[in-house]
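S.K.: This is what each chain is made of:
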Amino acid sequence: MASPKVAVLVFPGTNSEVETWRICRDVGLDSDVVHWSRAQTLPDYDAYVLPGGFAYEDRIRAGAVPAHDPMMDYVIEAAQGGKLVLGICNGAQIVLEAGLVPGTGPVRKPTAAFTKNGPVPHFVCKHVYLKLAVDPGRCAITAALERDAVIPAWAAHGEGRLAATTDHLQEIVDGGHLAFVYAHADGTVDERATPNASALFCAGLTNKAGNVLAIMPHPERDAWNFNHPRRREGTDILAPSGGVKLFSAFAKALKS
Amino acid sequence: MRSFRVDGLPDEVLRQAASQAGLALRVDELRRIAQTLGRDPSMVEVHAFDAQWSEHCSYKSSRHHLRKLPTDGPTVMQGPAEDAGILHLGEWNGERYGVVIAHESHNHPSQVVPFEGAATGVGGIVRDVLCMGAEVIGIADPLRFGRIDDPQSHQRYVAQGAVDGIAAYGNAIGVPNIAGDVYFDERFDDNCLVNVVALGLIKESGIIHSAAPPNSAGWDIVLVGKATDTSGFGGAAFSSVTLDEEDADANKGAVQVPDPFLKNVIMRASYRVFEHLRERNITAGFKDLGAGGIMGCSAEICSSGGFGAIIDLDDVNTAMKNMPPEVIAIGETQERLCWVLPGDVTADVLQIYNEEFSLPQIARHACATVIGAVQQQKQYVLRHGDEIVMDVPIDFLTGTIRDELPVRAMSERKVTGAHRRYIDGEPSIWALLPQVLAHRDVCSREPLYVRYDGVVRGTTVLPRGSADAGVIAPLHGSPLGVALSVAGNPRYGKVDPPLAAEYAVLESVRKVVAVGARPLGLTDCLNFGNPQNVDHYSELVHSIDGLAIAAKELGTPYVSGNVSLYNESKSGNAIPASPIVACVGGLNDVSTVVGAAFHRPGSTLYFIGTPHNAMGGAVAAELLGQTGGPLAPIDYEAVRRQIAFVLDAAQRGTLLSAHAIGNGGLLAAVAKMAFLSGNCIGASLTTPFGISAGAFEFYYGECTGWVVESAAELTLPDAVRIGMTTGPDYEGGVGIEIDGETLDVDELYEAWRTPLVEVYP
Chain A
1 MASPKVAVLV FPGTNSEVET WRICRDVGLD SDVVHWSRAQ TLPDYDAYVL
51 PGGFAYEDRI RAGAVPAHDP MMDYVIEAAQ GGKLVLGICN GAQIVLEAGL
101 VPGTGPVRKP TAAFTKNGPV PHFVCKHVYL KLAVDPGRCA ITAALERDAV
151 IPAWAAHGEG RLAATTDHLQ EIVDGGHLAF VYAHADGTVD ERATPNASAL
201 FCAGLTNKAG NVLAIMPHPE RDAWNFNHPR RREGTDILAP SGGVKLFSAF
251 AKALKS
Chain B
1 MRSFRVDGLP DEVLRQAASQ AGLALRVDEL RRIAQTLGRD PSMVEVHAFD
51 AQWSEHCSYK SSRHHLRKLP TDGPTVMQGP AEDAGILHLG EWNGERYGVV
101 IAHESHNHPS QVVPFEGAAT GVGGIVRDVL CMGAEVIGIA DPLRFGRIDD
151 PQSHQRYVAQ GAVDGIAAYG NAIGVPNIAG DVYFDERFDD NCLVNVVALG
201 LIKESGIIHS AAPPNSAGWD IVLVGKATDT SGFGGAAFSS VTLDEEDADA
251 NKGAVQVPDP FLKNVIMRAS YRVFEHLRER NITAGFKDLG AGGIMGCSAE
301 ICSSGGFGAI IDLDDVNTAM KNMPPEVIAI GETQERLCWV LPGDVTADVL
351 QIYNEEFSLP QIARHACATV IGAVQQQKQY VLRHGDEIVM DVPIDFLTGT
401 IRDELPVRAM SERKVTGAHR RYIDGEPSIW ALLPQVLAHR DVCSREPLYV
451 RYDGVVRGTT VLPRGSADAG VIAPLHGSPL GVALSVAGNP RYGKVDPPLA
501 AEYAVLESVR KVVAVGARPL GLTDCLNFGN PQNVDHYSEL VHSIDGLAIA
551 AKELGTPYVS GNVSLYNESK SGNAIPASPI VACVGGLNDV STVVGAAFHR
601 PGSTLYFIGT PHNAMGGAVA AELLGQTGGP LAPIDYEAVR RQIAFVLDAA
651 QRGTLLSAHA IGNGGLLAAV AKMAFLSGNC IGASLTTPFG ISAGAFEFYY
701 GECTGWVVES AAELTLPDAV RIGMTTGPDY EGGVGIEIDG ETLDVDELYE
751 AWRTPLVEVY P
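Taken in sequence, the protein lines are chains A and B.
The letter at position 99 of the first sequence is residue 99 when you use this note's numbering, and the numbering goes up by one with no holes.
The letter at position 175 of the second sequence is residue 175 when you use this note's numbering, and the numbering goes up by one with no holes.
Everything labelled a hint here was simulated from the structure, so no lab data went into it.
Derived SDA-like pairs: lysine to any residue, alpha-carbon spacing no greater than 25 Å straight-line:
| id | chain 1 | residue 1 | chain 2 | residue 2 |
| --- | --- | --- | --- | --- |
| 1 | A | 255 | A | 241 |
| 2 | B | 570 | B | 24 |
| 3 | A | 126 | B | 678 |
| 4 | A | 126 | B | 600 |
| 5 | A | 126 | B | 761 |
| 6 | B | 60 | B | 395 |
| 7 | A | 126 | B | 759 |
| 8 | A | 252 | A | 3 |
| 9 | B | 203 | A | 237 |
| 10 | B | 378 | B | 218 |
| 11 | A | 116 | B | 759 |
| 12 | A | 126 | B | 756 |
| 13 | A | 126 | B | 183 |
| 14 | A | 116 | B | 445 |
| 15 | B | 552 | B | 630 |
| 16 | A | 126 | B | 751 |
| 17 | A | 116 | B | 450 |
| 18 | A | 252 | B | 476 |
| 19 | A | 5 | B | 356 |
| 20 | B | 203 | A | 26 |
| 21 | A | 116 | B | 164 |
| 22 | A | 116 | B | 756 |
| 23 | A | 126 | B | 450 |
| 24 | A | 116 | B | 761 |
| 25 | A | 208 | A | 144 |
| 26 | A | 255 | A | 137 |
| 27 | A | 116 | B | 156 |
| 28 | B | 68 | B | 401 |
| 29 | A | 116 | B | 446 |
| 30 | A | 126 | B | 591 |
| 31 | A | 126 | B | 680 |
| 32 | A | 126 | B | 446 |
| 33 | A | 126 | A | 186 |
| 34 | B | 494 | B | 623 |
| 35 | A | 252 | B | 477 |
| 36 | B | 203 | A | 238 |
| 37 | A | 126 | B | 438 |
| 38 | A | 83 | A | 40 |
| 39 | A | 126 | B | 755 |
| 40 | A | 5 | B | 477 |
Excised from the complex, chain B in its bound form:
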């Protein structure tokens, strides 16, 4: 077996040898491997450790901080230990149902080859949900792109290609895209963010774990899917380096190739296998192949069951002959999954994949095949030809490793006096609204999401664009509803990373509440710069604190998540702190769902929330060329009371429409509610007295609460009457009137509708 020499080499020589072999492992890590094995590692072994110990797989610089996140609660059916988490949705016909959720990033690949990178992002996250035994019922795509104004720029190519890739993949597999957001900022010029979220539906009795079951020594390890090829070799390590423009071509080889057509068939065949296993009451293990390929997946599924594994690489269906063993073992070819099955069931499962769903006819050399066995001895062994090319203690390979990196204490936050103002002068409320609505972070996203199939499966209740969260009724005949929202504002991330993290949670929760759904739980994807840079690492650590604070305060546990570091180019352009949060909501009865479109003229409009003079990161401040000061502090006690109030009003059917106040502030929210009515219903607003903010800040401050349209009078200290909805005037015009001055809704609509049309024609 070809070995990688460690013993006796000086540090500098070893570092060079590692770099030449394309390894990201550090010298101390290589020495630790050699020491534990008692010999020089083989080439396959160093590549295996390179993948398993990469930041991407090991979370070595984040895991110990992630422990601070709350992961427990009455809604948790499966916490963040496996490929996806599960939240309790409700009961139907005597069965407990859960919503499976997973959240991932595919940032680096999408920056290099946006279409394929983003498409494989969807493919990967769907497998994470599928392998829990679930039916995949929805996806979401939080996106962050660079400046797109120049039609010739790479940034625009990325922004278009990533959206097309998500559309191509999601549409083909038949999973509705129900939520998402997009921001544009120069600090994403060199590193776009393509996050993807997938939802599944599962009966509690049908959960399949990503672990070899008890007493499974001797069971078959079955590989399902696309033939292993040379694409995606080094993917995990690639995700854990900073991007260098000059290496762009070299990096392309590390990007996997998506095949949604094959995935469509694998999903359906797997549903059939689930049915078969349930009928026969068989417990099996099932896991997605992601980072680290066959090696990473088979090692993790066996070690989490307390076993070892022996794999014969000659039994792997490969796309070509004579592939090096490390590429077969570690390459990240897409559309593959791994089963651990008792021997007497294997034949049935192979029959379903290979005959009933004819995988070998769907894609060249695709199939389901036995590649190895679970073993009692806790060693991970790979055979290739006549050789043992890898033989290591499995827990050493998959065990926790931890990097201690320096963290800088957070700078003291200035206490903000309630009456202090941060906006200079007295800007016109009326003049700014069209500009706010046309702002890149506020304007209509329809040109983008119209490309996504939002209604396949026939379960969609609130499609994208119609409300703050997407809502589906995934269980036919049952009134149970599932809501999904995403949030994470990079403009806030530039002002105050930890508080921006709290706002990401708050905003995602408020969006779910706006449609009348109970927040069940969260996922987080932490997109940050290079952890070796103390500033960026400190941002990460403090943001995790922020995520923990908000989730504890709001009683929403995290059941799944992902960390994406090194979002930085060699030139040093790093992304702003970008924790992106998804929130799942549950509705016991979808008939209580609340949309965001104004419902009828003559109903009362309320603001529910906490206004504030701080305007840090606000769109309006940016348009005025001002900083806007800090982010407003969050009064959680008030937020909890307001959430309960909104949910109660929704339950009772009092709310006709509701919109969480986000980018652009209250007036932008009111305008969008008017647009959603088909420009048929406007509003007449009167600035309320006695609020804890100036009028400008009241109308343009962001993330302050909700605007709700109510059929009945609402009373609460936090519910402030702001006006009425209005119908057309005697000339048929619909307007938004603020303190006696009226803006035409059709004109506002044009300002809002058009900005992204050029990029997404």
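So here's chain A without its partners, still in its complex pose:
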């Protein structure tokens, strides 16, 4: 089988495409940055990564406008066909607004929102940890992670708080859509570990089929030991850090 190809999508306003593309490449994936003007090349790819940024200026709501960009027609079709889709930060917001996660409603009719941070609605840049909250095999992208895996990352967003009606939140829990929660380094989960008052301490969602993953924090910004704020003495500062684990798992899923 030919090496799987990954498209890192750039909408107008995306700003994290380079580091996201780089880490995909560094875990051995054949990756391209694909701009909106080349949307028609998207069917040639085997998986899609939607990086962070402010696509279409976060107009209306973060992710709401790019969810209707022609690029998303391809991504939605691909996701429905079982290809892997990973959305990070603004990419997660877009994937959610496109209705791909939690995926409990029709396409482009989201049943939840990543909305303005709480308790005070402002942008927050903080180091956090993502903890795997489902069985690793529940989501194809996390299948190669160990149970309860804790992954370091940087939260950097103004609209990352999961909000939904009580019924829809219950649906997320019951359907096993809550892929990641915020945690401390030791894996304990509480409000203090959560930078944005997100419901269920939610940091990431997956769909029913488990081929789409949307995470708010950026593991690609804790990719090398020098990125990590609590690096241990004697570690090689240019060696991969914990954030790489998620991308290695993504690569493994693609190559299996």
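Go by the hints and put chain B onto chain A.
M.R.: Okay, now just chain B, sitting in the frame of chain A:
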């Protein structure tokens, strides 16, 4: 062509006519223009000269003094002649890499409309770095605000709005904010300072100059970006007048409107153009549109290449029809840049901006378009409709002009005896520490910088708050690191402007050294009052002397800078002397980087520096209601030796943590190092014998040196052992013990953490 009558008018009438037309040009300047042109200037021409000859563009009262600043040295790849300077960082894969740096103020606009004013400040400085052909890799924001205690005050509105504006812009374009500082003082009530610094990374072979290249006569002049609108008309002149509350609404029209969304796309499209030009080995000219708009930019880029230009204003993409020619030519609409390109490449470049990155779909009427040509004849010509609306010798328009203003000699500095004390009584060292930590200039800045994306691009090594300087590793796979710090203490500026300028340099350098980086060079932004006021002008001139002395002594050249004068309200409230300095540092290997967090219990703490009894401008003196006396003189020989010592220890991996002693003094530095350990590691200090200062002054004197935590014993006359780091006691408490008395770190932390939370919730 509509002309502005000069000939035959008496001075007083001419002055009134100029003022009515909204011109800041003086009568003698208007007469000089008419005389040189041999006729009355056109309306477009007077507005063009008004912008080009404003203080903002011409540096007419500062340029001749700025010559005193050292601008040369082995690290300089590009000195301060262009939009940004470049410092040599190191080699990687056989290529020489440089750090591009630019530093600017956006003070006046931020005082009037803080969000937009501060945001456009970031936008402008980013373009200055971009147009050198560089990738933008970091920003910093030194801020000075007025009193913010009253929730209803304009001062608080400014302090909040400016931070939100910087966040909105920097976050959207995807450039990490890695350094900055903020001070609050009543003398910034009517004039806030919003300085911005931007860094770029460039291969030496990829530098693009802000000049029409040799043999470029006939080449295209291409305008890129937002459609020209009526915002920002008179911006350059607006920056060069004193602010009057009554004119606040009128002044709002002079403020530009930021569009970080469009800028995000323009940056990425420009990176693509750089790649294209390098592949084809083409030399082009590229420059940011700032003060003076299309006219200022196209005139400067062509005149610096030794050419003239002819521009057709009808070819400019405008936001609306029938705009007056002077507004199209001189208005300062944001998000625009200008290329000088050989004709056969123009089509490719237009394709990249307009098709591949679809600028016209990103913002209404935005695009890249040819607006004119470089010409051999050294005239600057503007066409509008069937008319020539401007036709002047280009070097007369862009050439140096100089205002001779009176300067008062500096008052004699009193010689300070080493043993003289300036603090009255014997204040308690222990009782004052919580107050010092809660002081507005010392307390935690996290409520502010948590709003800034400090880690986008994935290159951040030391984010804001974790050390004295921000550090990034901008070149993937390479161990090269870049450090950036800013400094400039207005409390010192009130005591002794020239020495405060020296301290700004010293502090910025010490901060970079504290993270283990070699200081490569500096930028300066001189924020002062009205130069027509002899006191303020003298402060400026003497401060430049101070900047020159310190930079020469420390071997750090200036490669870029900015002057912002008229920071004064009509009521006469002028800012304190505020030279703000940024220092770039280089690390050959980021693995030798040193943070400010205490590392482990049981290691030795040293003070490296020169203690002094003078406490002028010190936070502790202010809290005691005392003046504290003068600023301490600087012993540069000792400083150079200490810098070499700290850098050597960092290289060898001996330093576990380090913190430059700044606001609040040594104890505040020790406390912050404990906080950064997550309140897990404290310290036990013993006042050393035989130091050249009293114990109180030793602990609360500012800018005296560094506190370092060392894994090995340090020996040097300047390294003084002050104690050990400590772990939790048997009850789990962590403390800072000074001569046997202990303060609880958690309690100190609360005092330090909370003061700004109310303003930045």
